[in-house]
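Numbering (the UniProt record's numbering), first residue to last: 1 to 752.
Honestly, I wouldn't trust all of these hints.
Unchecked claim - In silico lysine-lysine, DSBU-like type, Cα no more than 30 Å apart, as pairs:
id, residue 1, residue 2
1, K80, K67
2, K107, K67
3, K26, K12
4, K80, K107
5, K171, K16
6, K475, K492
7, K80, K12
8, K372, K492
9, K107, K171
Stated by the list, open to error - Ranges of calculated distance between the beta carbons of each label pair, as one might list FRET restraints:
id, residue 1, residue 2, range
10, H396, F99, 54 to 62 Å
11, G317, A369, 25 to 33 Å
12, D724, K171, 58 to 66 Å
13, E705, H396, 32 to 40 Å
14, H104, A664, 47 to 55 Å
15, T83, A53, 16 to 24 Å
Just so you know, the hints here were simulated from the structure itself, not pulled from any lab data. None of these values were measured; they are calculated from a predicted model. Glycine is no exception: its CB is placed at the ideal position from the N, C-alpha and C atoms.
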Amino acid sequence: MPVLTEDSPLTKLVKKNEAEQLARTKGLLSVADLFEFVPRRYVRPGQLTDLSALHVGEDVLVVAEVKTATTRSMRNRRGKMLTVVIGDDLGNELDVTFFSAYGHEGKLRPGVRGFFVGQIGAYGRRLQLTHPEYELFDDEEAGEAAVEWYRTHRVPVYSTTGKLNSLRLRKLVHTALDTVDRIREPVPEDVRVARGLVDRAVALELVHRPAVDDQPARGLDRLKYDEAFVLQTILAQRRKAAESELATPRLPRPGGLLAAFDARLPFELTEGQREVGEVLASELASERPMHRLLQGEVGSGKTVVALRAMLAAIDAGGQAALLAPTEVLAAQHHRSITAMLGDLAQGGMLGGSEFGTTVALLTGSQNAASRKRSLLDAASGGAGIVVGTHALIQKHVQFADLALVVVDEQHRFGVEQRDALREKGIRPPHVLVMTATPIPRTVAMTVFGDMETSTLRELPRGRSPIATHVVDAEKPGWVDRTWQRVAEEVAKGHQAYVVCPRIGDVDDEPGSAALSRDTSDEDAGWDAHWDGDDETGPDAGPDAPTKELTGVYAMLATLRATPALEGVRLEVLHGRLDPDAKDATMRAFAAGDIDVLVATTVIEVGVDVPNASVMVVVDADRFGISQLHQLRGRVGRGAVPGLCLLMTQGAGERAAERLDQVAATTDGFELARADLLLRREGDVLGARQSGRGNSVRHLRLGRAEDEQIIADAREDAFALVDRDPGLREHPALAAAVAMRLDEDQAVWLERG
Numbered sequence: 001m002p003v004l005t006e007d008s009p010l011t012k013l014v015k016k017n018e019a020e021q022l023a024r025t026k027g028l029l030s031v032a033d034l035f036e037f038v039p040r041r042y043v044r045p046g047q048l049t050d051l052s053a054l055h056v057g058e059d060v061l062v063v064a065e066v067k068t069a070t071t072r073s074m075r076n077r078r079g080k081m082l083t084v085v086i087g088d089d090l091g092n093e094l095d096v097t098f099f100s101a102y103g104h105e106g107k108l109r110p111g112v113r114g115f116f117v118g119q120i121g122a123y124g125r126r127l128q129l130t131h132p133e134y135e136l137f138d139d140e141e142a143g144e145a146a147v148e149w150y151r152t153h154r155v156p157v158y159s160t161t162g163k164l165n166s167l168r169l170r171k172l173v174h175t176a177l178d179t180v181d182r183i184r185e186p187v188p189e190d191v192r193v194a195r196g197l198v199d200r201a202v203a204l205e206l207v208h209r210p211a212v213d214d215q216p217a218r219g220l221d222r223l224k225y226d227e228a229f230v231l232q233t234i235l236a237q238r239r240k241a242a243e244s245e246l247a248t249p250r251l252p253r254p255g256g257l258l259a260a261f262d263a264r265l266p267f268e269l270t271e272g273q274r275e276v277g278e279v280l281a282s283e284l285a286s287e288r289p290m291h292r293l294l295q296g297e298v299g300s301g302k303t304v305v306a307l308r309a310m311l312a313a314i315d316a317g318g319q320a321a322l323l324a325p326t327e328v329l330a331a332q333h334h335r336s337i338t339a340m341l342g343d344l345a346q347g348g349m350l351g352g353s354e355f356g357t358t359v360a361l362l363t364g365s366q367n368a369a370s371r372k373r374s375l376l377d378a379a380s381g382g383a384g385i386v387v388g389t390h391a392l393i394q395k396h397v398q399f400a401d402l403a404l405v406v407v408d409e410q411h412r413f414g415v416e417q418r419d420a421l422r423e424k425g426i427r428p429p430h431v432l433v434m435t436a437t438p439i440p441r442t443v444a445m446t447v448f449g450d451m452e453t454s455t456l457r458e459l460p461r462g463r464s465p466i467a468t469h470v471v472d473a474e475k476p477g478w479v480d481r482t483w484q485r486v487a488e489e490v491a492k493g494h495q496a497y498v499v500c501p502r503i504g505d506v507d508d509e510p511g512s513a514a515l516s517r518d519t520s521d522e523d524a525g526w527d528a529h530w531d532g533d534d535e536t537g538p539d540a541g542p543d544a545p546t547k548e549l550t551g552v553y554a555m556l557a558t559l560r561a562t563p564a565l566e567g568v569r570l571e572v573l574h575g576r577l578d579p580d581a582k583d584a585t586m587r588a589f590a591a592g593d594i595d596v597l598v599a600t601t602v603i604e605v606g607v608d609v610p611n612a613s614v615m616v617v618v619d620a621d622r623f624g625i626s627q628l629h630q631l632r633g634r635v636g637r638g639a640v641p642g643l644c645l646l647m648t649q650g651a652g653e654r655a656a657e658r659l660d661q662v663a664a665t666t667d668g669f670e671l672a673r674a675d676l677l678l679r680r681e682g683d684v685l686g687a688r689q690s691g692r693g694n695s696v697r698h699l700r701l702g703r704a705e706d707e708q709i710i711a712d713a714r715e716d717a718f719a720l721v722d723r724d725p726g727l728r729e730h731p732a733l734a735a736a737v738a739m740r741l742d743e744d745q746a747v748w749l750e751r752g
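Sequences are here, hints too, so could you generate the full structure?
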């Protein structure tokens, strides 16, 4: 075998089909990736051959000899079943069962010896292993050597991938460890000593082939630190690059657009809004580009803070762009900003204010005339504010003088998308990104660590409390009462949302509005928010229970047939509707012409209808904690108390726990921490956060001990980058950074 390096592709270590499996299912492309693929757990071998001491539920590794092997056809399914009886040197026996004999019956013949790894179960009065992993000895000498190795080492158990079982993966890792020319050491020696970290080569041995008395946790702690250190180095380089840029200071003129807007505000800003506003004004006036994250609870008034910053930029002679993740949200921002500005949004028009400007809207599915007008307004400078979706990022979109970029719901966008909009400025524009999803400290340090952070916790006056209850849909009386409550709110003159996890079949609704080809308003799918329950979901086994998810059109038909809702005005909203139909529906709902809006999660953020007092989330168990919190933030936005009913049927234990947590508190930061503990790490950061560079494998962002690791790594990485921005004195770290960055991200850093 050729000498390997950590950068070697896995095709140099395994067959092409195995490399493809590892890449497709585990994201493992290189030898370094394989080293980072840590075991799920370890088996302590103990007495390998005494089968009489085994107990049900015990994870075991035994060495034994095949005594008998029998295949038979199964009654209720196709194929053959293989039953093997294995025995130890003391005459004890254990059954081994394979429900598919294929691939095993030719190997497990009487007389062969090997290792069998699995969990002890029982069938009748006999103990058994079902579908264990196993490794057979080629000869007696190899068997003795293997027995001796296993007697002195813990056995790593890896998650399996198709035909690549744990034993096969263990062999691959061992081969790589024995073959790689040199283990890369990205952490400088002074940092390792100060933090009490073992060498990376030692860490890999502790993790992948620990002796019985070793502590694999010490090795894993080192890998966690490496992961945090490399990520924080990337963020430190981004911060350093941003600090080296020069922006145009934006100093608002006294008595201008911002002053006119403040003078007619119908409410008083909260203390938090005023404080953040002062920070933004100071940073806008600086030659260093502002790069700030504004996070705040649902309804905390982030939009007003952002609008005031945009008006300050316009007063200084520049333009502002507001990037929203969906067309519904972009249209909502356009309407609300125009309404808040009043005649200040009618610059150059009859009846417009002398300080006025124009607010343009740019989306992917606008008609040609509207799109052309918005493009011209942006390029000429006629529009002081341009609100849009991803359409803003396209190359042909130009600005006269882009001063400020505001990104709403930052978690929906990647670093590259944000930067593509920044490039449209004559000089680097100031950047403000906003999120209503509270961000725990660990995530803030890991995903947004290149940005300064401001937080709005105080809700504006006039906001009403929201009560949340879980509704068991398996109890018809509870369901009936749910729709009665909706009818009661409508009878009082209020409005309601009914949220479903999918669109469903449009054919269920005769004469429905035309659908567009644009799907930007829909999330990647309901399973993008699934939190990893054991009972159901994308990773469940073939025999797991399945449940048809409710679509908006099926729900619309159900509500129309519900006696309690007779005469109630119902309408649907989802991302695939024609843009004009979406806009007309939202306008009608905002005007009170629709009583109940049956919608997908397209209404999750930004939709502001103060008269909406109740929300029913159907199949609520299929949503994550943070998303449920976002959704219910659409009610209780006026003087009327809000009510959120989480309807679920057959929810598993973990899903029920999620729903109970949401019902127990409206504190978004507390819920964000709970969400973090329940979610898989990839879900927390999201694929939208620019791929491998911001993904985590070992860190668990909800754990206090891992938060400390991230904080330590951040301190060390920022200090190192401050001394050596280009990592010229740290080539191993530079190589590790390069492996974690995709091509676009690397270009970003080079350009900086």
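Hint-by-hint comparison with the structure:
1. Proximity of K80 to K67 is assessed by CA-CA distance (about 19 Å); at most 30 Å being required, the pair is judged to hold.
2. Note on K107 and K67: the hinted pairing holds, with a Cα-Cα distance of about 13 Å set against a maximum of 30 Å.
3. The straight-line distance between the Cα atoms of K26 and K12 is roughly 17 Å, inside the 30 Å bound, and the hint therefore holds.
4. Distance check on the hinted pair: K80 and K107 sit about 15 Å apart at the alpha-carbon level, within 30 Å; holds.
5. A hinted pair counts as satisfied when its Cα atoms are at most 30 Å apart, and K171 with K16 qualifies at roughly 17 Å.
6. Restraint check for K475 and K492: satisfied, since their Cα atoms lie roughly 27 Å apart, inside the 30 Å limit.
7. Only pairs whose Cα atoms come within 30 Å are accepted, and K80 paired with K12 is rejected, the gap being roughly 36 Å.
8. About 44 Å separates the Cα atoms of K372 and K492, which puts this hinted pair outside 30 Å; it is violated.
9. Under the criterion of a C-alpha separation no larger than 30 Å, the hint pairing K107 with K171 is consistent with the structure, at around 19 Å.
10. Checked against the hint of 54 to 62 Å, the pair H396 and F99 passes, with Cβ atoms roughly 59 Å apart.
11. The hinted window of 25 to 33 Å between G317 and A369 holds, with their beta carbons roughly 29 Å apart.
12. For the pair D724 and K171, the beta carbons lie near 39 Å from each other, so the given range of 58 to 66 Å is not met.
13. E705 and H396 have their C-beta atoms about 50 Å apart, which leaves the hinted 32 to 40 Å range violated.
14. Range check, H104 to A664: Cβ separation about 49 Å, and the 47 to 55 Å hint holds.
15. Distance hint check for T83 and A53: the Cβ-Cβ separation is about 23 Å, which falls inside the suggested range of 16 to 24 Å.
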